Amino acid sequence: MDINLLPIGYTKLRKRDTKFYQVQTISIYLLLLLIFVTSITVALRFLQTQQIKAAEANLQEFNLQVSSLKSKEASLVILKDRLTTIDQISTVPSKQRSVYNLVNGLIPPNLTLSFVSVDRSGNMLLSIVAPNFSSLDGLLATLGSTQKNENKITSTSLESFSRSRDGLYRASLKIVPK
Amino acid sequence: MNKEALQEFYQKNKIIIFPVLVAISSLILIVLIIYPQISGLINTNSTLLQVKQKSGFLEVKAQELQSLDEVQLQKDLGVALNALPSNQDYLEVINIIQGLLNQNAFSLQTLQFGQGDNTAGKPSFIVKMEISGPKSALNQLLTSMESTYRPMRLASIETNSPKQGSSTINATVAVNVFYSPLPTTLGSVEAPLPILSDRDQELVTTLAKSVSLVAVGNVSVSVLRGKTDPFE
Chain A
2 MDINLLPIGY TKLRKRDTKF YQVQTISIYL LLLLIFVTSI TVALRFLQTQ QIKAAEANLQ
62 EFNLQVSSLK SKEASLVILK DRLTTIDQIS TVPSKQRSVY NLVNGLIPPN LTLSFVSVDR
122 SGNMLLSIVA PNFSSLDGLL ATLGSTQKNE NKITSTSLES FSRSRDGLYR ASLKIVPK
Chain B
2 MNKEALQEFY QKNKIIIFPV LVAISSLILI VLIIYPQISG LINTNSTLLQ VKQKSGFLEV
62 KAQELQSLDE VQLQKDLGVA LNALPSNQDY LEVINIIQGL LNQNAFSLQT LQFGQGDNTA
122 GKPSFIVKME ISGPKSALNQ LLTSMESTYR PMRLASIETN SPKQGSSTIN ATVAVNVFYS
182 PLPTTLGSVE APLPILSDRD QELVTTLAKS VSLVAVGNVS VSVLRGKTDP FE
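These protein sequence lines are chains A and B, in that order.
Under our numbering, the first residue of the first sequence is numbered 2, with each subsequent residue one higher.
Under our numbering, the first residue of the second sequence is numbered 2, with each subsequent residue one higher.
Please keep in mind that the hints were generated in silico from the structure rather than gathered at the bench.
Since the model is a prediction, treat every value here as computed from it, not as a measurement.
Any given hint could turn out to be false.
Below, a list of computed lysine to aspartate or glutamate pairs in the DMTMM-like style, where the Cα atoms sit at most 25 Å apart [unchecked claim]:
| hint | chain 1 | residue 1 | chain 2 | residue 2 |
| --- | --- | --- | --- | --- |
| 1 | A | 73 | B | 147 |
| 2 | A | 153 | B | 118 |
| 3 | A | 73 | B | 9 |
| 4 | B | 123 | B | 203 |
| 5 | A | 71 | B | 199 |
| 6 | A | 20 | B | 5 |
| 7 | A | 71 | B | 201 |
| 8 | A | 81 | B | 60 |
| 9 | B | 210 | A | 82 |
| 10 | B | 55 | A | 57 |
| 11 | A | 96 | B | 159 |
| 12 | A | 54 | B | 191 |
| 13 | A | 175 | B | 131 |
| 14 | B | 210 | B | 118 |
| 15 | A | 54 | B | 60 |
| 16 | A | 175 | B | 118 |
| 17 | B | 15 | A | 18 |
| 18 | B | 210 | B | 90 |
Quick partial rundown of chain A residues pointing at chain B, CB under 7 Å, derived from the structure [to be verified]:
| hint | residue |
| --- | --- |
| 19 | 32 |
| 20 | 34 |
| 21 | 57 |
| 22 | 58 |
| 23 | 60 |
Virtual Cβ for every residue (Gly too), placed ideally from N, Cα, C.
Isolated chain A, as found in the complex (with noise of 0.2 Å):
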């Protein structure tokens, strides 16, 4: 059998100052926890510049590499540049060659080029003389045949033709490239 003694107001003190005890430690406890936080921070902060500073001096060490290099960068940028415009130039055969070497090939051997022109957008001009109809026909037939111009000439035209007394025909072509 318990018996209390004590006086009411004592009772209510103690339980306040217990209750006083609680907030004060778990508050005590925050502000603990808080200050670790904060000097975590700080010392975290602190790493970051250092590794910050190392990282900006190694920068400026290879800038300097680099740009103590600069001649050689330079040597190497020309270099490509003039390699990647040759290759550019020279890997593409100019239309007016090879319409010229197409159209050269195609010409049986009993017909004469007397005149032969390529002007700078490519149209081709040839003034032919032919010993018999025929062989002018079958040239026409040649230039006309995708397969045996290669899909290279869009039209020829046949801009003059004639028969002379010495029984050569002469003809003018115009042929126009892709």
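With chain A's structure known, arrange chain B on it following the hints.
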């Protein structure tokens, strides 16, 4: 209000005053220290990454530049600049054309220089020449012109035979000859280093061979230039 009154007030309200003071201190710590530090950490971390990336890139670039053979590079550059000079270099063009005409048994009657027609979007000039030679070698001559080390492209051609059934041919040939001015700026330090591909290496080797062939050919041409001292 004296000290005793303050103590009495605190004793009476300490259960509220203490946590409030701790909360205010915590807030001050969070607002003035923890938040700015964490925010700074996050922001600086991205800066650090950028600096490290840049540093890594420059390190690789410096290593690549150091590993380049300076002598070979200068030699290759010399070949490339010979093939595609920074200016018109008319004399070299005349030498090349003369050499090609000689190789194909053609003779040169006239030679004119003119404005280029901006083929391939590169600066160029026109060389127009009147030539005559064997009909059978004209195709080879045109092919040689377009495959010589100095980039040239046929612009126009006119041919006529002097006589019916003749084996010689007269031709007026115009070629676009290219050149390329040197770049005025070479980009920043951060610009990536160009890489010479196998195709580039192959091209340099071919050009070097062509240049040396023409250089050898030019020795015989230079013999025909006459006396070194015209007053002898």
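Now the hints, each set against the structure:
no.: 1; hint: A:73 - B:147; result: 31 Å, violated
no.: 2; hint: A:153 - B:118; result: 23 Å, holds
no.: 3; hint: A:73 - B:9; result: 84 Å, violated
no.: 4; hint: B:123 - B:203; result: 22 Å, holds
no.: 5; hint: A:71 - B:199; result: 24 Å, holds
no.: 6; hint: A:20 - B:5; result: 24 Å, holds
no.: 7; hint: A:71 - B:201; result: 21 Å, holds
no.: 8; hint: A:81 - B:60; result: 21 Å, holds
no.: 9; hint: B:210 - A:82; result: 20 Å, holds
no.: 10; hint: B:55 - A:57; result: 10 Å, holds
no.: 11; hint: A:96 - B:159; result: 15 Å, holds
no.: 12; hint: A:54 - B:191; result: 20 Å, holds
no.: 13; hint: A:175 - B:131; result: 23 Å, holds
no.: 14; hint: B:210 - B:118; result: 29 Å, violated
no.: 15; hint: A:54 - B:60; result: 17 Å, holds
no.: 16; hint: A:175 - B:118; result: 23 Å, holds
no.: 17; hint: B:15 - A:18; result: 10 Å, holds
no.: 18; hint: B:210 - B:90; result: 20 Å, holds
no.: 19; hint: 32; result: 6 Å, holds
no.: 20; hint: 34; result: 9 Å, violated
no.: 21; hint: 57; result: 6 Å, holds
no.: 22; hint: 58; result: 9 Å, violated
no.: 23; hint: 60; result: 4 Å, holds
Checked against the numbered hints above, the structure violates hints 1, 3, 14, 20 and 22; every other hint is satisfied.
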